[in-house]
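The listed protein sequences derive, respectively, from chains C, L and R. Heads up: take any position in the first sequence, counting from 1, add 163, and you land on this note's numbering. Heads up: take any position in the second sequence, counting from 1, add 127, and you land on this note's numbering. Heads up: take any position in the third sequence, counting from 1, add 648, and you land on this note's numbering.
What the hints contain is simulated information worked out from the structure, not anything from laboratory work. Don't take each hint at face value.
[Claimed, not checked] To give an idea of the chain R side of the interface with chain C (calculated C-beta under 10 Å), a few residues:
1. Asn826
2. Arg1023
3. Asn1026
4. Asn1027
5. Trp1028
[Said to hold, decoys possible] In silico BS3-like pairs for lysine-lysine, Cα to Cα no more than 30 Å straight-line:
6. R:Lys936 with C:Lys336
7. R:Lys872 with L:Lys193
8. C:Lys464 with L:Lys193
9. R:Lys651 with R:Lys756
10. C:Lys464 with R:Lys651
11. R:Lys872 with L:Lys149
Note that beta-carbon positions come from the ideal geometry of N, C-alpha and C, so glycine has one too.
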Amino acid sequence: MPEKGIINTSQCIWLLFIVIASIASMQIPSILILQAGRDAWLSVLGAWFLDVMLAIVYAYMGIRFPGENFVQYSITILGKYLGRMVGILFPLFFLLVCTIVIKGLGQVINTAFLPRTPIDVILISCFFVSALIGRKGIEVIARMTQILGPLYFLSIVTLCFLVIPSAHIIRLKPQFDEGVAPFIIGTPLILVFFGVCILMAMYIPLTNRPENGFLAKFSAVSMGAIVVGLITTFSVVCFGIEDAQTMYSPGLQLSRLIHYSNYLERVEMLFLLILVGSSIVASSSLLWAFGLGIAQLTGLKSYQPLIYPGALISLVLCIVSFPSSLQHSNFIHYTYPIVAIFVQTGLELVLFAAALILHKRGTV
Amino acid sequence: MILLIALATLVIGLAEGIPLGKQGQRKELVAMSCLLGMAFLLAAGFRIGFPSPITLLEQLFEPIGKAIFK
Amino acid sequence: MRKRALMMLFLVPFLQTGCWDTREVDRLASVLAFGIDRIPGNEPILLTVQIATPDTAKGGNKDVKAGGKAFTVMSSKGKTFSDAIHNLGSRSMRKVFFSHSKLIVLGKDLAETGIGEIIDDLKRDREFRRIDWILTTDMTAKEILEHGFSMEQIPSKGLDQILQESKESGLILPVNCNDFFVRLNGDSHVSFTPLVQLVDIDKQMTSQLEEVAGRPLESEVKPKTLTVAKTVIYKNQQMIGELNENESKALMWLVDSPKGGFITYTFAPEASTNGEKGKISLDISDGKTIITPQISDNSISISIVCNAKASIIEAETVGIDILNPMIVAQLEAKAAETLKLQLEQIIDKAQKELKSDCVGFAEHLHTQYPVAWKRVKNNWEDIFPTIEYHVSCEVRILNTGMINNTLPTNEAGGIN
C-alpha cells in the first residue's frame, strides 16, 4: 500500500467531521432552506439518520475486506477490469468534491472579504496549500484536523449561542406548512453532503482499530449534523426563510449579526479564519484520497507525485467549469446531488450486494 | 490563464518528475504525466471551446435534479 | 532543496492575495450614519453620509480644525442608491467605507414613495450590516444627519445610545435592518421603524413656564433636539402612517416582550378602603404577551393575554395602605385596565385607521393555524379589520420601592 501512515480513531473522527462541516457550512444551508423551508432542521436530522445507516454498510465492508479501501475491494469483488472501472469513480468523485469545496470557499472569500482580488488567485493559493498538506500524507492531515476540528466545532456552537438575541423562535413555526414533501426532498439533498464521509472507507484500512470505523463515522456525522443543523436552524430563526434562502453564506451572515453592545462585534473574520482552515484541510484530504485511489488502481508504489497534478486538474476544473458563482450554485443544487447519490449510495450498495452474492471476502 | 497553467504543468512536471526519473520509477512518471497532460488538455480544450467534464455532467443530470428539487 | 526554495519563491505571490484589497486606515472615511432621500429629477436618490472627521475622532487631539465639528456631512445623488454611493467618490478624498455605520435614516419622501429599490442593495452589499438601526424621519434625512447633539460629539453615536436604551426604558421599540426586513417579508408584509424628529421641545416648555411665571423667561434660545418617540408603519415597502408615543409603547407589548416600561394612571380606592384619589406610577420590569388566535366556524378571534411584573415608583394617592393586600389588588386591577385600554387603542387604530396588520396577528394565525391561514391568506387585508379580539391583562406588583406607605399628610402637619 502506498500510504504507510496510521491514524487512531479520534483522528479519524475529526478527519471526517471537518470534511462534512466545511462542505456543509458554506452555501448549502441556504439551498436546503430553499428546498425544505422551515423544516430544514428536520431534513438535517433525517439525513443524519440515513447516513448512519449507510455507515453500517461501509463499516461492514471495511471489516469484511480488512486492510482494503473501496478502490481495492471493488477490484477484489468485481475483478480486474470491471473493478477498476467502478473503482476509478471514487477518486474522481473526491476530485469533484474538492473542486466544489475550494470553489465555494473562493467564492465566499471573494464576495465577502476580498472583492477586488481575482478569484483565480484565491483558488491557486488555496490549491497550493492543500496540495502541500495532502502530499505530506494522512498523518499530517490528521494532526491538523485534530487541532482545527474541535476549534471549528466549538466556534460554530459559540457563534450560535451569541446570535440568540437576534433569534425569534416563532420564525421556525409552523412546521410542515407545505406538507411533508419539502422535508422528504430536503433530506437527500443534505444527505449527499454528509455522504462525502464515504472517505471513511479510505481511512478504515489505515486506522489502528478498523473495527471502530462505524463509531468514528457515527461521531463525525453526529457532530457534522449538529453544526449544519445549528447553522440552518439559526439562519431560519434569525433571518426568516424568505431571506435565508437567498443568502450566499448564511453562516457568515449569522456571524455578522453578533453584537453585544459596543464591544463584541464584527467577529466574521474569525468565522472566515475557521472556514478557510477547515476547507483547505478538507480539500487536502480529498486530494490525498484522489492520489491514493489512482495510485492503487494503477499499482504505483507511491501516491505523492499524483497530488500536485490532481490539484492542478481540480484548479482547471474550477476555472473552466464555474466561470461565475451562479454555475457553481446551480451545480451543487441540481447536478451534484444526483451524481453524489449514485456514487455514495448506488455504487457502494452494488459492491455490497456483489460481495454477498459472489461470496467475496478479503484476505487477512 | 492558459500560459499560467502551462507554466504550472511544467514546474510540477519538473519538480516531481526529475526525482522519479532518477529513482527509475517509470510507472509513477507515466501516471503523473498523464494527469498533468489531462490538466493541460482541459485548459487548452476550454480555450478552443470544448466543454469541461463538469459541464457534461451538468447537461446529463441537471434535468433530473431540476425535476426533483425546487 | 534548492528546487523547493525556487518553487516557494514562485508561489509566494499567490499567498499574498490580501494585498489586492489592502486598505489603509488613513485612506478611509468611516461612515457612521447615512440617510437616503428622494428628490425630483433624473437622479432621484440623494444619499447623505455622516463621517467622523479624522482629526477630532483621534483621542486626545483637542486641536480641532476649522468648523470644529467632530463629524462631516456629505451628500451625493444618483440614479440608484449604489449609484449615489459610487458618485460620492468624486468628492471624498478618502474611500467612503460603510462597514462601521450604526444607523440608516430614511427620508419622508422616500418612505412615502416606497423603499423597495434600496432594500436590495442594503441586503446585497457586503459593507452594510443587518444590525444597523433603521429610522424614518418626517423631514429629510439630510436635516437629521446634519444636526448635532449637545452631549455627544458624534450625533449618530448619540442616536445609537438612545435606541439601545429605549428598549430597556420601554419608550419605543428600536428596529434593526434585520428585523425590519424579516417583518416586511412576513405574512402581512407590514413593518415599522422608529420615527426620528427634530422637535423644538425647549421652546414649548419655555412658553409653558412663561405662562406660569407671568413674565418672559431669561433663557437662551436652544437648538432643536433630535427625538425618537414615535413609530412609522410600512406596508409593502411604503410608509402608510405613524403611531404616537402611547401607541408606540403599546406596540411593544404586541410584537415583543417588553423588558421595561411605565404605567401612570389615576387611582381612586374603592369605598371599603381608605384613601383618596391620586396618581400612581408603576415601573414594569418584565412583561410577556401571549397571543392566541381562535377559530370557530368561519370567524377568527384573537385573544391577547398580557402579564407584567411591576414595582411602584410613585404613589401620589394619599392615605392608601399599600401593605393591605386588598389595596394592592385594586392597584393591580386598575393598572391592568390602563394597559388593556392602551392595547385596545392601538389594535383599533391598526384595524380602522391604518388597515394594516402591524400588530402581527397574521404571524400568530399562520403559526398556530396553518391550514386556516391558507384559506384567509389572500384576502387578509379585508379580513384583518373585521377580526374580533379580546385583551386581558394582569399586572403583579412585586415591590413598592424604598418605602412602603407614604405618611398621611395631616399627621405630618402638611397641607391640610
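To see whether the hints hold, each was checked on the structure:
{"no.": "1", "hint": "Asn826", "result": "holds, 6 Å"}
{"no.": "2", "hint": "Arg1023", "result": "violated, 14 Å"}
{"no.": "3", "hint": "Asn1026", "result": "violated, 16 Å"}
{"no.": "4", "hint": "Asn1027", "result": "violated, 19 Å"}
{"no.": "5", "hint": "Trp1028", "result": "violated, 16 Å"}
{"no.": "6", "hint": "R:Lys936 with C:Lys336", "result": "holds, 19 Å"}
{"no.": "7", "hint": "R:Lys872 with L:Lys193", "result": "violated, 60 Å"}
{"no.": "8", "hint": "C:Lys464 with L:Lys193", "result": "violated, 43 Å"}
{"no.": "9", "hint": "R:Lys651 with R:Lys756", "result": "violated, 67 Å"}
{"no.": "10", "hint": "C:Lys464 with R:Lys651", "result": "holds, 23 Å"}
{"no.": "11", "hint": "R:Lys872 with L:Lys149", "result": "violated, 85 Å"}
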